[in-house]
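Chains as they are written, first to last, in the working numbering: chain A, 1 to 252; chain B, 1 to 252; chain C, 1 to 300; chain D, 1 to 300.
Please keep in mind that the hints were generated in silico from the structure rather than gathered at the bench. Just so it is clear, the structure is predicted and the values come from calculations on it, not from any experiment. Positions of the beta carbon are idealized from the N, C-alpha and C atoms, including for glycine. Worth double-checking, as some hints may not be accurate.
[As the list claims (entries may be wrong)] Simulated crosslink set (DSS-like; lysine-lysine; CA at most 27 Å straight-line):
1) D:274 <-> B:70
2) D:230 <-> C:134
3) C:285 <-> D:207
4) A:137 <-> A:101
5) A:101 <-> A:174
6) B:101 <-> B:150
7) B:240 <-> C:134
8) D:35 <-> A:70
9) D:92 <-> D:35
10) B:7 <-> C:274
11) D:285 <-> B:70
[To be verified] Short, incomplete list of chain C residues facing chain D, as computed with Cβ under 10 Å:
12) 186
13) 203
14) 226
15) 231
16) 234
17) 246
Residues per chain are reported as follows:
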Amino acid sequence: MDDIEAKIITNRNIVKDYFLLRLRLARPLGTVVPGQFVMLKIPGNTVFLRRPFSIYDYKRDVMSIMYKVKGSGTLALSNAVKGDSTMVLGPLGRGFNIYNKPNHIVVAGGIGIAGVHLLIKKIKANAHVFYGCTDEKELLLLNDLKMQDKYISTIDGSYGYKGNVIDLFRTRLKDYNARDTQVYACGPEGMLKGLKHALESHRAPCQVLVEERMACGLGLCFGCVKKTLDEKEPYKRVCKEGPVFNLWQICL
Amino acid sequence: MDDIEAKIITNRNIVKDYFLLRLRLARPLGTVVPGQFVMLKIPGNTVFLRRPFSIYDYKRDVMSIMYKVKGSGTLALSNAVKGDSTMVLGPLGRGFNIYNKPNHIVVAGGIGIAGVHLLIKKIKANAHVFYGCTDEKELLLLNDLKMQDKYISTIDGSYGYKGNVIDLFRTRLKDYNARDTQVYACGPEGMLKGLKHALESHRAPCQVLVEERMACGLGLCFGCVKKTLDEKEPYKRVCKEGPVFNLWQICL
Amino acid sequence: MADLSVNLFHNMLKNPVMNASGTLGYGVEIEPLWKVETMGAYVTKGLSLMPHQGNPTPRVWEVRWGMINSIGLQNIGVEAFFRDYMPFFEQKNMPVIVNFFGFTEDEYIQCAKNIVPHRLIIGLEMNLSCPNIKAGGISFGKEPEAVRRLIDRVKSSTNIPVIAKLTPEVDNIADIAQAAYEGGADGLTLINTLPGACIDTHERAFKIRGGMSGPSLKPVAIKAIYECRKRVPIPIIGAGGIMDYEDCLSFFMAGATAIQVGTATFVDPFAIPKIIQDLGDFLDKNGWDSVIDLIGAACT
Amino acid sequence: MADLSVNLFHNMLKNPVMNASGTLGYGVEIEPLWKVETMGAYVTKGLSLMPHQGNPTPRVWEVRWGMINSIGLQNIGVEAFFRDYMPFFEQKNMPVIVNFFGFTEDEYIQCAKNIVPHRLIIGLEMNLSCPNIKAGGISFGKEPEAVRRLIDRVKSSTNIPVIAKLTPEVDNIADIAQAAYEGGADGLTLINTLPGACIDTHERAFKIRGGMSGPSLKPVAIKAIYECRKRVPIPIIGAGGIMDYEDCLSFFMAGATAIQVGTATFVDPFAIPKIIQDLGDFLDKNGWDSVIDLIGAACT
Ligand SMILES: Cc1cc2nc3c(=O)[nH]c(=O)nc-3n(C[C@H](O)[C@H](O)[C@H](O)COP(=O)(O)OP(=O)(O)OC[C@H]3O[C@@H](n4cnc5c(N)ncnc54)[C@H](O)[C@@H]3O)c2cc1C
Ligand SMILES: Cc1cc2nc3c(=O)[nH]c(=O)nc-3n(C[C@H](O)[C@H](O)[C@H](O)COP(=O)(O)OP(=O)(O)OC[C@H]3O[C@@H](n4cnc5c(N)ncnc54)[C@H](O)[C@@H]3O)c2cc1C
Ligand SMILES: Cc1cc2nc3c(=O)[nH]c(=O)nc-3n(C[C@H](O)[C@H](O)[C@H](O)COP(=O)(O)O)c2cc1C
Ligand SMILES: Cc1cc2nc3c(=O)[nH]c(=O)nc-3n(C[C@H](O)[C@H](O)[C@H](O)COP(=O)(O)O)c2cc1C
Ligand code: FES
Ligand code: FES
Numbered sequence: 001m002d003d004i005e006a007k008i009i010t011n012r013n014i015v016k017d018y019f020l021l022r023l024r025l026a027r028p029l030g031t032v033v034p035g036q037f038v039m040l041k042i043p044g045n046t047v048f049l050r051r052p053f054s055i056y057d058y059k060r061d062v063m064s065i066m067y068k069v070k071g072s073g074t075l076a077l078s079n080a081v082k083g084d085s086t087m088v089l090g091p092l093g094r095g096f097n098i099y100n101k102p103n104h105i106v107v108a109g110g111i112g113i114a115g116v117h118l119l120i121k122k123i124k125a126n127a128h129v130f131y132g133c134t135d136e137k138e139l140l141l142l143n144d145l146k147m148q149d150k151y152i153s154t155i156d157g158s159y160g161y162k163g164n165v166i167d168l169f170r171t172r173l174k175d176y177n178a179r180d181t182q183v184y185a186c187g188p189e190g191m192l193k194g195l196k197h198a199l200e201s202h203r204a205p206c207q208v209l210v211e212e213r214m215a216c217g218l219g220l221c222f223g224c225v226k227k228t229l230d231e232k233e234p235y236k237r238v239c240k241e242g243p244v245f246n247l248w249q250i251c252l
Numbered sequence: 001m002d003d004i005e006a007k008i009i010t011n012r013n014i015v016k017d018y019f020l021l022r023l024r025l026a027r028p029l030g031t032v033v034p035g036q037f038v039m040l041k042i043p044g045n046t047v048f049l050r051r052p053f054s055i056y057d058y059k060r061d062v063m064s065i066m067y068k069v070k071g072s073g074t075l076a077l078s079n080a081v082k083g084d085s086t087m088v089l090g091p092l093g094r095g096f097n098i099y100n101k102p103n104h105i106v107v108a109g110g111i112g113i114a115g116v117h118l119l120i121k122k123i124k125a126n127a128h129v130f131y132g133c134t135d136e137k138e139l140l141l142l143n144d145l146k147m148q149d150k151y152i153s154t155i156d157g158s159y160g161y162k163g164n165v166i167d168l169f170r171t172r173l174k175d176y177n178a179r180d181t182q183v184y185a186c187g188p189e190g191m192l193k194g195l196k197h198a199l200e201s202h203r204a205p206c207q208v209l210v211e212e213r214m215a216c217g218l219g220l221c222f223g224c225v226k227k228t229l230d231e232k233e234p235y236k237r238v239c240k241e242g243p244v245f246n247l248w249q250i251c252l
Numbered sequence: 001m002a003d004l005s006v007n008l009f010h011n012m013l014k015n016p017v018m019n020a021s022g023t024l025g026y027g028v029e030i031e032p033l034w035k036v037e038t039m040g041a042y043v044t045k046g047l048s049l050m051p052h053q054g055n056p057t058p059r060v061w062e063v064r065w066g067m068i069n070s071i072g073l074q075n076i077g078v079e080a081f082f083r084d085y086m087p088f089f090e091q092k093n094m095p096v097i098v099n100f101f102g103f104t105e106d107e108y109i110q111c112a113k114n115i116v117p118h119r120l121i122i123g124l125e126m127n128l129s130c131p132n133i134k135a136g137g138i139s140f141g142k143e144p145e146a147v148r149r150l151i152d153r154v155k156s157s158t159n160i161p162v163i164a165k166l167t168p169e170v171d172n173i174a175d176i177a178q179a180a181y182e183g184g185a186d187g188l189t190l191i192n193t194l195p196g197a198c199i200d201t202h203e204r205a206f207k208i209r210g211g212m213s214g215p216s217l218k219p220v221a222i223k224a225i226y227e228c229r230k231r232v233p234i235p236i237i238g239a240g241g242i243m244d245y246e247d248c249l250s251f252f253m254a255g256a257t258a259i260q261v262g263t264a265t266f267v268d269p270f271a272i273p274k275i276i277q278d279l280g281d282f283l284d285k286n287g288w289d290s291v292i293d294l295i296g297a298a299c300t
Numbered sequence: 001m002a003d004l005s006v007n008l009f010h011n012m013l014k015n016p017v018m019n020a021s022g023t024l025g026y027g028v029e030i031e032p033l034w035k036v037e038t039m040g041a042y043v044t045k046g047l048s049l050m051p052h053q054g055n056p057t058p059r060v061w062e063v064r065w066g067m068i069n070s071i072g073l074q075n076i077g078v079e080a081f082f083r084d085y086m087p088f089f090e091q092k093n094m095p096v097i098v099n100f101f102g103f104t105e106d107e108y109i110q111c112a113k114n115i116v117p118h119r120l121i122i123g124l125e126m127n128l129s130c131p132n133i134k135a136g137g138i139s140f141g142k143e144p145e146a147v148r149r150l151i152d153r154v155k156s157s158t159n160i161p162v163i164a165k166l167t168p169e170v171d172n173i174a175d176i177a178q179a180a181y182e183g184g185a186d187g188l189t190l191i192n193t194l195p196g197a198c199i200d201t202h203e204r205a206f207k208i209r210g211g212m213s214g215p216s217l218k219p220v221a222i223k224a225i226y227e228c229r230k231r232v233p234i235p236i237i238g239a240g241g242i243m244d245y246e247d248c249l250s251f252f253m254a255g256a257t258a259i260q261v262g263t264a265t266f267v268d269p270f271a272i273p274k275i276i277q278d279l280g281d282f283l284d285k286n287g288w289d290s291v292i293d294l295i296g297a298a299c300t
């Protein structure tokens, strides 16, 4: 892990508030596990703390992140242009454990796709992807991703299943045997809650990538915790013990 | 007076720490009296308050200032480049009163030349200029200025009189009759003190442009005061009642 | 168009935005840029019984994302203010809040007495950050009992509503707010500058000791408003680091009925008119009928 | 090469730079980036007698040029710290300052007792910003008499030098410093975070109430050091908004013997090693023999 200077290659608006940022790094990142993230300095001098983003893609000295404009930090980031300098601290945290199972199910909602993109790329031949978004347009976020099976839900029904991705997932769940299945998920808190509920009786092993506000990204400040069922020390650092947790061990 | 958007045309390093900044204003400035100043926003987002600079030159929608890098604000300014946006509030304060006298003497030291440049341009045919600087190289600060007489001192003696400009001025003072003379000055506090001392018995009328740290530049905060001999309200605002004061009315 | 007006001590102000005391001179200086009646009320520079010279320079110093001032309360005195500047506000029919201070209790009382009730003077804002020279220079606003007594005496000396402006440099600002309320204060202004100091490392010397203002203050002000609002039932005027309309929203939602803009005007001389404009636009765009609906919206 | 070493409680530290408590985890987390022994001493996360869970999220919130935290003192307890992490510092022969707290006086005392003297533990830093649950949650560090008594009791319970870490949210920090000194404190750490609050205007809710840290704090810290140094003759460790070596210079010149870097590490994980490097370079370039010559240089 290292703090690496970087320059923006492109900062492209994909659709609505979603952007893809490609960075040229001064040095390579080191081994990246899907699900790991970086702390990115926001170019310009208006944003104080760095912001965490999943490593969307990575090859030698080019790294990309996909992000959604949410508040002041991501807004400032969306205004950065080619050639702007920044710093990239990473790779950080514990990524997904890819076990050797017949079925790899990936459930993602909205910008959550950014957190599982690298994972899907890695397991593409076996990936059954459930992706939920607002409307057809957001399907552009799936980009060039190759995968075995793709199930799409849109809130407005403009493409695929009409409704949320968990409801869609429920309709398919019986096809998968819990013992042969590994579920991976990334998305808003509500989606993860729904997923837990959906899997309650099925009990397939499930790893989820969770988000929390961060200050350091390095395990220094204990600012980014997620409550777990561990009795001795319930609050675990998302940046250090996470961001990928066992769904059955965290409180949602 | 107005707060005007502006873009940098050039920001040129003249010599050592001295720069000439030319700005294209979105609207013209209004009537400028020599000695008036502007409050300039420093481009970038690292400097909080604006900084005061004399209007060095001005024509229609192009305004320039000459500045010396002193601290964080002027350092940040020196890093600004062509096309950078800024804001210019002005023209501010009371400039020089140009009376109809046979002799117009201008005494300036170092970056003080920036404060009297427009004045000299205006009265060039009658301007007797005494200018003191560190060495020959700094004479570049006199630029293209036209004037009747020019007396130069350098601290290291590399050009003209060796020593400070007040000592040089003293050698010439007897040539000027107090009644026919108007002195204008701008320079460091020490120079103004020396000038006061030099003119003590001569008693020519003398207007000086003084500097003080400012927050608003508009007379709102009372941060920029100069002590005067006025008993009722000794502290006068440099930005409002000044920056040009009667030498005989201020405490130095 | 959403309604920006607020009621303060039975006066309708056309909007809830004022300048902070000491940051808009005597009110006349800004006129070349915008009309002072753009605001709901004008707050005077701190006035005292007798004129005050103020401190030597440097009086202002930039710090990261803020500034420190040590003006030292220079002012022409309350009498000269009424003679020289009140006609200006009369002509504009502009509500005025008179900020005043003293270096002794008696000076406060005498100063308050000298401010004769006037239809445009809607409040007396007591600057309690002032050093009490009889108590070794510790500021009036730190000791609850002293605050209670001082305000009680001021209230007996005037019929104009009294607003206590509190310093954040205290153990517990809600205790002071409560003392002010018990003394009879009709409202609070929260907060004054936060004392700080600055060194010039090149000159190896302290450059300024004074009051910090600007954005750094905002979290301290929001906390103060939150805590005082829980404790006392009088209106709060918020101040401290407001730079734009979004900052105002925080202050209203925390419980302020009106707000004051200080240092922002130095950074952008049009900050105040912009805030008023943006606030109206925001309410319109988000379907709020009145700014009043925002007040305390975050305190459930 | 200028000498960066300073003497603190009869220990030579190789340089005067430490982390601020709670901003460098348990000391091991930063190792992939730089070695913890780069610093003069390591300051532990705040430890208590028993483990503490801490607060729910959000625990951190960005404010303009700073942040607010409300970690709620999550820690594994003093016993587990010694068992799990002390060997790491032993192996490095690294001086440690143990930051600790309690929610009652007795918890402070018991915690201090449980920290057995150890050649590497050069001081116990008492976090006095902690709420006293027996006194209605008001923090220990606000009442001079309570501070004097608490420190007196802690001093009777340990032979390790005791450093009182003070909150800036007080009427007069020098009064607290004096009480700490009278209670027997061997040193002071100035300052802890400044309490503040923050509203999310979109959600119309308070998002966090906690301690503000970062550059906004610096003027408040410099003032505290200036005032306490005049009052008490014990060494001061400075903290609050230090981002670079120039900030350090201000702290030394104001009178600090050593400094702590907190929030800066979140902005730049290499802030601490950079500061140490730059400080040495600065001394060399400007002909200073030792960092000690800087201490108090602005206080004439
Ligand atoms: C491990 C990890 C990986 C992430 N990966 C991505 C990614 O690949 N793409 C992406 O767009 N976003 C990602 N996020 C979320 C991203 O960090 C936040 O959206 C961003 O920090 C918001 O910053 P802001 O300044 O724009 O918003 P702020 O102004 O700080 O806040 C705006 C809104 O964003 C929410 N928010 C702020 N910080 C976080 C956070 N850390 N996690 C969740 N919500 C937050 C707030 O609750 C608020 O509602 C990730 C977060 C984590 C912890
Ligand atoms: C009416 C007026 C006209 C001016 N015209 C010019 C000009 O044409 N060209 C030019 O180069 N400078 C001019 N100055 C001075 C200029 O404003 C300061 O040099 C500048 O503000 C320094 O900012 P800084 O951030 O670089 O320095 P800081 O980091 O703020 O301070 C660095 C040093 O500069 C000194 N300084 C800071 N502000 C002032 C100030 N307002 N006046 C004097 N010294 C100051 C400080 O004492 C310090 O030693 C003028 C000042 C005034 C009041
Ligand atoms: C230059 C200056 C002068 C001030 N003078 C006074 C004053 O005379 N009386 C007073 O009560 N407050 C005074 N204040 C404090 C402000 O009114 C306000 O409470 C404080 O600056 C916080 O608001 P801000 O961050 O918006 O500036 C002054 C502030 C500044 C910056
Ligand atoms: C995330 C975080 C956790 C902190 N935890 C503690 C703590 O446990 N004990 C303590 O005394 N101070 C704690 N502090 C305060 C810091 O040690 C320091 O005094 C303060 O942050 C000011 O320094 P800075 O501006 O350099 O961060 C904490 C600060 C932060 C930001
Ligand atoms: S962000 Fe600091 S511990 Fe996770
Ligand atoms: S700078 Fe504010 S009054 Fe002159």
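Here is what the structure says about each hint:
1. D:274 <-> B:70: holds, 25 Å
2. D:230 <-> C:134: holds, 22 Å
3. C:285 <-> D:207: holds, 24 Å
4. A:137 <-> A:101: Violated: residue 137 (chain A) and residue 101 (chain A) sit about 33 Å apart, past 27 Å.
5. A:101 <-> A:174: Given that 27 Å is the threshold and the Cα spacing comes to 17 Å, the pair holds.
6. B:101 <-> B:150: holds, 18 Å
7. B:240 <-> C:134: violated, 35 Å
8. D:35 <-> A:70: violated, 36 Å
9. D:92 <-> D:35: Roughly 10 Å separates the two Cα atoms, so the pair holds.
10. B:7 <-> C:274: Holds, at roughly 22 Å.
11. D:285 <-> B:70: Distance ~19 Å between residue 285 (chain D) and residue 70 (chain B) Cα, so the pair holds.
12. 186: Hint violated; residue 186 (chain C) Cβ to chain D Cβ min 25 Å, cut 10 Å.
13. 203: Holds: closest Cβ of chain D sits about 8 Å from residue 203 (chain C), inside 10 Å.
14. 226: holds, 6 Å
15. 231: With a closest approach of 14 Å, the residue 231 (chain C) hint is violated.
16. 234: Status violated, d = 20 Å.
17. 246: holds, 6 Å
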